[in-house]
Structures are given as structure tokens and as C-alpha cells.
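4 protein chains.
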Amino acid sequence: MTEPREIGVGMLGYAFMGKAHSNAFRKAAYITWPPPFVPHLVGIAGRNAEAVQEAADRYGFDYATDDWRRLVDDDRIQLFDNLGPNALHAEPTIAAAEAGKHVICEKPLGRTADESYEIWRRVAATGVKHLCAFNYRFVPAVRLARELIDAGELGEVRHFRARYLQDWGDDASLDTWRFDATAAGSGALGDLMAHVVDLARYLNGEPESVSGFTHTFLSGREVDDAVEAAVAFANGSVGTLEATRFAHGHRNALQWEINGTKGSLMFDMERLNELQVFRADGDRARGFKTVLVSEADHPWWNHWWPPGHIIGWGDTFVHEVHHMLRAIADETDVAPVGATFEDGYRAAEICDTIVRSGRTGRREQIVYRSL
Amino acid sequence: MTEPREIGVGMLGYAFMGKAHSNAFRKAAYITWPPPFVPHLVGIAGRNAEAVQEAADRYGFDYATDDWRRLVDDDRIQLFDNLGPNALHAEPTIAAAEAGKHVICEKPLGRTADESYEIWRRVAATGVKHLCAFNYRFVPAVRLARELIDAGELGEVRHFRARYLQDWGDDASLDTWRFDATAAGSGALGDLMAHVVDLARYLNGEPESVSGFTHTFLSGREVDDAVEAAVAFANGSVGTLEATRFAHGHRNALQWEINGTKGSLMFDMERLNELQVFRADGDRARGFKTVLVSEADHPWWNHWWPPGHIIGWGDTFVHEVHHMLRAIADETDVAPVGATFEDGYRAAEICDTIVRSGRTGRREQIVYRSL
Amino acid sequence: MTEPREIGVGMLGYAFMGKAHSNAFRKAAYITWPPPFVPHLVGIAGRNAEAVQEAADRYGFDYATDDWRRLVDDDRIQLFDNLGPNALHAEPTIAAAEAGKHVICEKPLGRTADESYEIWRRVAATGVKHLCAFNYRFVPAVRLARELIDAGELGEVRHFRARYLQDWGDDASLDTWRFDATAAGSGALGDLMAHVVDLARYLNGEPESVSGFTHTFLSGREVDDAVEAAVAFANGSVGTLEATRFAHGHRNALQWEINGTKGSLMFDMERLNELQVFRADGDRARGFKTVLVSEADHPWWNHWWPPGHIIGWGDTFVHEVHHMLRAIADETDVAPVGATFEDGYRAAEICDTIVRSGRTGRREQIVYRSL
Amino acid sequence: MTEPREIGVGMLGYAFMGKAHSNAFRKAAYITWPPPFVPHLVGIAGRNAEAVQEAADRYGFDYATDDWRRLVDDDRIQLFDNLGPNALHAEPTIAAAEAGKHVICEKPLGRTADESYEIWRRVAATGVKHLCAFNYRFVPAVRLARELIDAGELGEVRHFRARYLQDWGDDASLDTWRFDATAAGSGALGDLMAHVVDLARYLNGEPESVSGFTHTFLSGREVDDAVEAAVAFANGSVGTLEATRFAHGHRNALQWEINGTKGSLMFDMERLNELQVFRADGDRARGFKTVLVSEADHPWWNHWWPPGHIIGWGDTFVHEVHHMLRAIADETDVAPVGATFEDGYRAAEICDTIVRSGRTGRREQIVYRSL
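Quick mapping for you: the protein sequence lines, in order, are chains A, B, C and D.
Numbering follows my numbering, in which position 275 of the first sequence is assigned residue number 275; successive positions increment by one, without gaps.
Numbering follows my numbering, in which position 242 of the second sequence is assigned residue number 242; successive positions increment by one, without gaps.
Numbering follows my numbering, in which position 83 of the third sequence is assigned residue number 83; successive positions increment by one, without gaps.
Numbering follows my numbering, in which position 33 of the fourth sequence is assigned residue number 33; successive positions increment by one, without gaps.
The set of hints was computed from the structure by calculation and includes no laboratory data.
You can trust all of the hints, since none of them are fake.
Computed footprint of chain A on chain C; a stretch qualifies when at least three of its residues, placed anywhere within it, have a C-beta under 8 Å from a C-beta of chain A:
| no. | stretch |
| --- | --- |
| 1 | 283-289 |
| 2 | 292-306 |
Partial selection, computed: residues in chain A whose CB lies under 8 Å from chain D:
| no. | residue |
| --- | --- |
| 3 | 33 |
| 4 | 59 |
| 5 | 252 |
| 6 | 271 |
| 7 | 307 |
| 8 | 315 |
Glycine included, every Cβ here is placed at the ideal spot set by N, Cα and C.
Take the sequences, apply the hints, and build the full model.
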């Protein structure tokens, strides 16, 4: 066996997402074997010099810096991973791509559809690989769902409904960039609804129109707390979409369901190893199967444990990083398994359309720009 | 103990709902004890003479008739129970009330808000007791939810979301009055969404505006197959509402959830004996409780079995009938535990507003007429 | 159609089980249609004259009496239903059978295997129909399980495990005949374990040996509070059996599971409308199906509602009574769908063998007597 | 901040458990921060030279060897981790300890109670730290359960019941050392029941007596396929214990439940992030809470993600390794959070007692040897 090649990684951001991504790069070196590349963690950037140095020590980066341009300028870095606050997505990501580095950018790609489009346009022009880090595409149960749908097991789709319920937002004293309109761009919309619409597109194709609105419960809060919408899809299916940080009892409940003429699927991120599968096959024992997605022939499970030994939320990033490394190594496409920046832009366009629907009080068509 | 008094009952309709209501009248005579009245099943009417005679034999009515006016004219009947097709709700119900009989009418009250308003107006003018048979108010778990909400256990409400999922509609060969626009008025809207909006009002108060639409999947079908809406309530909460006959795997899944500043509640009609209760009380063991609503101090459970010995869907009608008999016997109000014809009208107004929203493509305000 | 014939019913006992059985007789007249017989509730007996008179008024018996012999002597009674305290099972049941009446007797049949054997022997000699009221055989999900097993869907059985968990016993101040050794004979053993072993036999055939014991937690309590056993079956399968009144959080949780070479089934009485079905069929979507046992082709569901409209615990008695009436009307066998007095005796023999195992500290063989 | 010190690790075994332990050592370097030691993976040993070399490359060991004695002789190794087949537990573990290395040994500690006792005795005499890798003690939900029990939240315990259900054993063609009597010592007993009895002891204290047996379904299989037992504990509680590889539909279902006078807890390893918590506190909303054990104040969660972002089975080993490193660094006790070799011996003693009970047909007392 030949020694796996190394790839140099630069990271912007170091907190919650920094831990998630660093962990993924480190595990990608041995959980998948042989890996497309062994990640070498070259540099990590952030504004708080002390904190970013500690992150470098902790996760094993060669150096820490408070200037992300150092990463862009570092020739040892071939892959730039941007997980900073939303306001810091555009400029560094574009700069890195234009410096010839492959790029990963956390969702939402930009703070608006316009900003997202611009990131996509500029990065696509460079020819590098780009992945928008919608990590929930890399949940084995979600991927299995997509495979079952692609195989026609649901027939014609009638409904897609989804909601992302969290419950940490109902506290006026919280201080985080996620409530800062400039830094975040939006609230539940970009943070949670972006995931919802990406999975909607991933599993059910393009939505055509939305009727809905964003809502802010707390006076003085700069961003939306919740989003509600009715939706119609290009494939003729209809449903509802929701995202909120005000649903007590739900910590991370991204729940979706899809109903077709031949069957249905249901999912809840709080039980991310499980997929509920219903088939209208005439069996007298009729009902949803609780499938523990951990079999040898399930997505990414060849890398893991024996059946029934479940994986965690953090492991979805391992699959994501692995997928990006594979795309770089083998010059394969990021999509459709992973989300590209075009997917990132499209999610933003849908989110903006919901905002517009709320403003106009009208059902609004979703219109995508192309390059 | 004095012998319970009898009350004469006349029934219009004899099929699915005829069995449900007849069973309720018969059980109400002994499950609740002593009952406000012992129901005497006097007459039952329907268009198919043979079938209605068999129903009379089966459920113990003194006579069968193919002319509902005979029931209206029968002085032995003090309570008229109308569970015929929707097109037969208005005229017989009004006639019975104007003949001085108390009236129960199945939901939807009328086929439209206008028709529903007219039924309410005419019946209210007579002074008889009137109940619109939204039997899901009489599920112990639903009633317990209302009691917890009334006691302030949820705090300020942030969200109400509900959906009624069934799966029998995706068959173009089905022949039932429920697909006949004249007989039914609407499809999933009046059949399922009416229940959703009644529970929304019962648990969370009045909705203020809706953005949504109805949808028909099958070409040639006269009525809607599904309804999708985003909703805002007068109490400041927001959410989504859905009803469909096209959700494979769900037989009778009326699911709702309510989130407040102090807690949350969840429910699914397919497990109607259970209520999920979350309290944001700082307990380290944080989560939804699966409450088996069958304790001695739970609604209507003094009438039933020891804890844990669950009741069925049919038993909700026993509570409903008992409630109506009590209201007649004691001259107490049907509302708010039960739905009056005003509630029936209001549900229809909301349903019609969703239809209007679909037609105009606009978010529509809900405007109720008063008497 | 000819008018259904009547059958005269006499009942001994009037409290919890009196309500359950009376309700069943009344509903059996119209839920199943046409019924084998229309039950005519002739007389009801009990020691508390006032209470038994109220029960007669409530449930519609022609008369009440404090002397069960009056029922035995009443020629209008063809079916004698004994649901009195366990100590009152033997003499009245035998007397009624010897008077030519068909007999239903609540479980446990007798307080011991000896007493149970004697009841069986004496009653069998008369030639009347006899049913031991193990009503859980009449849960549709349990019956469906049996049908799946009979059809070979599980293959060769490897395991049967079951437990009946309740939580009302941990209170020394409770006063009920169920804690009186003379009246009840035993505690959790006859009350709960009897159900467990009847379902074990019904679903998995005869147990061959048991190792276990009964246990009493509260000093001064006359009867056992819990039973624990390891068990081996004649078909080569093994498992555990448990019954307790001391399992906080479980109100009526009779849970069983059966594993075979081709599949598995699971059940919990607190969700009695559901059966969990697993098939080892190589499907990539591998898992237990949550089957809502309410389809038109499920056991007894032709009598009830559309799919998904669940039934209650009390309705299992309707099926039981219907089955007995059918056996009488058509001269068909009570077994194997229903439990006969032989089944009642065998359950008692197994229970006594567990007690003996506890006393001897040895694994004990189960030896049945025949007539 | 001072640089974390390194600790040299030697590992015996490289397959399934090799991946699990290697992953844990690598993650322990950064998930917990600052770590007690940064593990340096020095050497890995196994009989298949090619496979062990690949494992060394994959997980980052400095060298691979087919002679475990090289690890024992290597002064750079301070911690020896033995996860080879059961037959290889005793000699290398004892040798490593006697060479002054701290030791981790996979469960079962030895193939019999005698062998386990000998390992414990010899290792304890050296004074090194020893941990028997019962990793399920390191599931946050299990640890939370222990903390709730220690805090008295269950009151006096009445019942402990547990079962470990897997379903891969019903295939006579499988070829693995786990079916080799010499290599494994036993089947489901040492593999699964050992976990059950360790958790029984961890959560409920010492069992006093067992009545039960092991069972082998397949002719020609050298080891047991299933274990069934009734058990009584020193604290007065009773219950059942089971382990099997023949329960179709269950991949890794280690399920346990504990009932006390004040509440109950339930757990299933297939949903290892959840704990079911019942409190008999008189709340009208009475039921088990589904607690997603992922809060900041839950065991080990300070190291992980925001609430609701679940962890996987593999992460339990991270906690276990971290705990051992902490014990070494701070000279603190492995017990009671972790299992020592004494715990490993005691689990083996209980397993052997069940075997003896099966042989004698008698209820057997559990008698522990001390040093």
C-alpha cells in the first residue's frame, strides 16, 4: 500500500464549529481507510488571539493567527474551511478560492441571497471544489432516504413537510453573534431554515412557491426567532416548512417527512441513527419500520462499527470532510451527495423568498439566478 | 336513588357515524352513573330504507324512516342528532331546533362559512342547546391539555402547529359522498382541517390570519385532497396547519403541538390515550413526559377503569353525549368544553379563509360575523 | 333477516370486573352484527345488597340478589358469568355448570392448581361451554400475533420473554381482597403472572420447566408482590417471566416479545392497538414495524371503525363475550382462540410450579394432570 | 498554559476493538481539554503481521509487532491496553502490570471467574492502575442514572431487570473466535451477560443469588447462545437477567430498568443518548420523561456539543480513556465511575454462578473471593 497523501488545511473560526470541523479532519485520517488524503492541519484563524492559539494547541494546527489572510497566502494550504460568523463568509472564502484553494464554507453561505450568489459566482469562476457545509446531507439515515427515493421506492411524491425546532432562543439576556443582524444576517432563518430547505431540495427537488413569514417574539431582538411557510414543489407535492428557536423541549429536532404514492419516510435529528420507513405494499402488518441505519450496506457504515453501535452528530462532519477530500483527490463532483455553493445560494434564495412573502403578504415564486 | 329520567333521541344518518353515535348513546346510559338522562333511541332516518331499518334493529331504535321530517315531528324526541352527509346538515338541523328539539350536528357544521353561519343563526334563535360534534375535544388527553393551559402551565404561547394526516384518498376509484362537491362541500378541508382548526381554537384561541391553499392531486376529483397553511394567532403565537388524505402510513394521525414560555405539549390521535408534557422547570432530567391519561383525576376517568386500562376512539363520543345530556339536564353551557354551533361556524370561517388565501395568493385576515 | 335470539345471563360480582363484563354484554348486542345471541341480563349477585342493586339498575339486570344460588336456580339464565373474588370461583361456577348453564369464570380459575383442576374437572364433566376470562387473548394485536406465528412467519422460536408491570402495590395502607390470602389465594402471581403464562402458552406453547420465586416486599402483606422466573419451553425456546405490582411508572404494562429464526414480535398492553413486527427478510430497511392493528383484515376489526380509530381495553371483553356467544350458538370450540377451563388450570399449574421452585430452590418441571 | 504531558500507549489487538480504542485515544487528546495526558500511540501487537501493520499505519502507532512481549518490554509505554481475544487477556495483562505499566483490559476480564481472579490478584499486587473496559459505564445516560440513584431519587429499590439482545448468532456458518470455546471461554455469557451484570452491580449493588441457565441453540456450537436468570440482590430487590445473540431485530439492545419506591429509570443502548425517568411525585402529568442526556450539566457533556447534538457508541470509549488517564495523572481511583479488575472478577463470578445454577438446577448464592 502506498502512503496516503497529505492535504494542508486552513480553518477560519475555532469555537463550536471549529471543534466539529477539526474533529472531522482528525477522524477522517483513520475512520475512513485508506483516506483520500490525510489532512494536515496547517493554520487556524480567529479574532481572539488567545482563544485561537488554544484551539491550535488543542486540535493540532501548526499555527494560530488573528489574520485569515495569512491562511489565504499560505501555500501549504490546499483546502480552506470557513466556519466563521456569517459576515465573514464572503470575503475570505472568495479570496481563498481565488488563491486556488478548495473551499468549504459553513451555512448559510451568505447572509442574503445576493451575498450567497456573489460567493458562488466568484468561487465557481475559479474552478476549485466548493462545498457548503450542510452536514445533515451526511447523516446516514438522510442519505439512505435519498437513495430510497432515487430508487423510486416512494413513487410520486405528494407531501414534504419539515421543521427545525430548537428552544434556546427565549432568553433576552443571551449575548451571541447569532442575534446580531450584521454578523448573522438573520436568525432562525439562516441558522435553521437553511438546513430545512437544503434537505427539502435534497430529498424532494425544487420548491416553486412559498407563502409565509418570519417572526420575532422578543422586542429588541434584531433577528427573526421563527419562520413559518406553506410550500409547493415543482414535482407537484405540497407541505409546510418551519424553523424556530422557541419550541421548548426540543434541543435539535430537525424533523422531516415525505409521503409518496408508494410509501413514506420520517426522520428526527434527535434520533439521527433512525429512519422511519413505510411501504404501501399491501402487507397485512402495515406500519412504519424503525430502521436503525447502521448496517454494513448503509451509507458510510463500511467505515464504522458493527450494526446497532450508533454514531453521533459530530460524525456527520467526518462523512462530509471525507466526501470533500474524495472529490478533490479523484476530481469527482461534490454534488449531489454534498451541497455545492450553488446549493448554498439556492437555499438562501428560498429563505429570502419567505422573507419577501412575509413582507408582501403574497405567495411568492422562487426564482433562481444562474451563472 | 331516583330513577334517571329518559330523553328521546332521533338520529339522521346510520353508517360510520351512526354506529359511533348510537354506541355513545347506549354507553352513556351506564358508563357515566347516574347519567343525566337515559337516552331512549326513538327513531332513525336515512335514505336507504333497508339499511336504516337494519340500523334501527341493531342499535335499538323504535323505528326507522326514510323521511327525517318524521323525526322532527315526533314529540317523543327531545334531542335531534344529525350525522348525515354535509349537504343534509342545514335544513333538518334548523327544522329540529325550530321544533324545539336540542340538536347535535356533525362537523363540518355547514359546507361553507355562509351555510354554517345560517345554521348557527337560525338555531341560536330558538334557544335550544346546540353542539357541533367536534368529538376530539372529548379526548381525555386533549381536555387535560386544555386544563394545563388554562392553569398557566405553558406560560405565554409561542407556537401552535397541527396536522391531520390520513392516507386513504390516493385512489381514483373510490366512490363516496365525501368526494362529491355538492354532498360534502369540500374534501380534506371540511373533513380534517375543520378538526384541526377547532382544536387550534380550543387550545390556543383565535387565529388572526392564514397564508395557504388547498390542493387537489387527482384530476377529476371534485374536492380538495390537502390543505397547507401558515398561521398567526391573536395571542402572538405562530405556526403551521395541515390536513391531507394523502400521507401514506398515517391512518388517523391528528397531531398537534403547542410551545409556551414555560413548557410544551404534544399529541397524536393514533395514541389518543397519551399526552406528551414538557416543563421548562430547570430539572436536570429534562424531557417530554409520556403521560398515559388514565388517572382517577384525569378528565372523565372517574367513569372508566383503573389507571392504564386505555379507552378507544369511540369512547370520545360517550363523553360528548354525556356532556350534551348534562347541559340539557342541568341547563349548563355546552361551551367551552364542548363546541357550540358558533364554534362550528368559526371553524368554517377559518377553512373558507384558507381557501380564499389560496385563491388570492395573499395572507388573509380571519373575520368572524356575530349574531 | 330473522330476529337474533336472546340468551339469559347471570353474573356473580359487580365491581371493576362487573362493569367490564356488563359493558361487554351490552355492546356485544350491536357492535358485532348480527350477534350470535342478544344477551338478556337477567340477574346479578353480590354480597353488598345496596351495591349490587345499584349495579343491576346501572347495567340493566332484571334483578339483584345477595345469593348467587338464585342465579343457579333461575331457568331463564343459560350463561353464568363469575367474576367474584377468587375464593368464590369454584363453588358457584361448578354449581352453575352442573345446573346446565354455560360458564365464564374470571382468572385465575382457582386459587391453586388443585382448586383450578377441580373446577375444570367438574365443569368439563357437565358438557357445558366453559371459558376462563383471559381477555388479553382478545386483544386484536395479540390475536394477530398468534395468526402470524401460526402462519410460520417467525420460523422456529428461540425466545419468549414477558413481564406484567403494575405499580399500585407499594402502599401498606391499601385495603382490598386482593391482599387477603384466603380471598385471593395469591398476589401478583394469580392476578398478573396468570395472564403472562396464559399468553406464553397461547403464543409459544407449553413451558417445560421454570426456575424462579415469588417475593413479598412489605412485611405483614399476606400475598406475593412480585414473581421472577427463567423458563424453558417445549419447543426449545427459553426466556424470562416476571410479574409485579411494584414497578413505578407502569400502570398496566403487560409486555411480551417473541423471537424466531425468521422474525420477532413485541407488544405492550399500554399501547394495546399496536404490534411491533420484525421480519428477517433481507430488506435494506431493516427494523420493527409499528403496526396499528386496526385494518379491515385484522382480527375483529370488521366489527369496528375505519383504520386508525383505536379501541380500548374494555373492548377486548366485547370480543371475548362475542366469542363465547358464538361458541354456544354454533356449538364451536372455545379454544384455541379463547381459553377454556383446561387453560385456566394449566396457567395455575405453572404459577404453582414457580412457587414450588421458590420453595425448593430448584428448577422445577411443569407436570399437567389430565382428566 | 503548560503543554499537556504525553503518555505512551501499547495496544494488544487491532480489529473491531482496536478501532474503538485507537479512536478513543486519538479523540481523548482534544475532545477533553486540557487532557490529563496526550496519548502517544507507541506500539500495537497482533498475530496477523500484515493486518497489524495496517492498523499501525491507520491509527498512527509508531510500530507494529506480532509479539506482544515487545510492548511489555518497551519503556516508552506506560499504559498497556489489552483488547485481544479473551484467551489472551491473562498473560499479557499480568506481564504488563508486573512490568510497571498501567493496564486496561477488555471484558470479560478472564474466561472464567478463576482466571479473572488470578488476573486481578496478580495485577492488584503490582500497584498499577487497572481498568476493565466495561465501556457502558461511560454512557452519559448510564452515568446520569447512577448519579440520580446515588442522590436517592429512586428511594428503596424494588426491581432491577436487564437484557442484552443481539441477533447475529443464528448462523451456523459464521467463523469467529467468539464461537471458539478455548479462545472465548463462553458465548453470550462473557460477551453480553458480563455487561449486564456489571451494570447491575454499578446501578443496583451486589446480587446475592441467581436461578438460571445458559443455553446453546445450534448443535455443534461450542459456546452458549443465550443466558436466562432470575436474580435477587443484597438490597432486597429482585428481577430478571438475560443475554442472547438470537433476538432478531435487536442489533445492540442492552436494555435495563430499575424501579424504586420513589421512581424508575429505563434505558436502551440503541438509543444511548436517552434516559427514561419516572418520578412518583404526585404530579398530575404522570409518566416517564424521555431525557436526551446532552445538557451542559450532564456527565461528560462539558466536553462535547450544544444540547441535543447526540454522541455515538464510539464516544463512550473516549470517556473511558479520559477517565483512566485522569486516574493515572491525578492518582485518583478508577472505581466507582470506572470498573477495576475487581469489578471484572466479580462480573465473572456472577456469570460462573449462573452456569453453576444451570448445572445443578439450583438457586445459587454468589460468593466473592477477596484478595
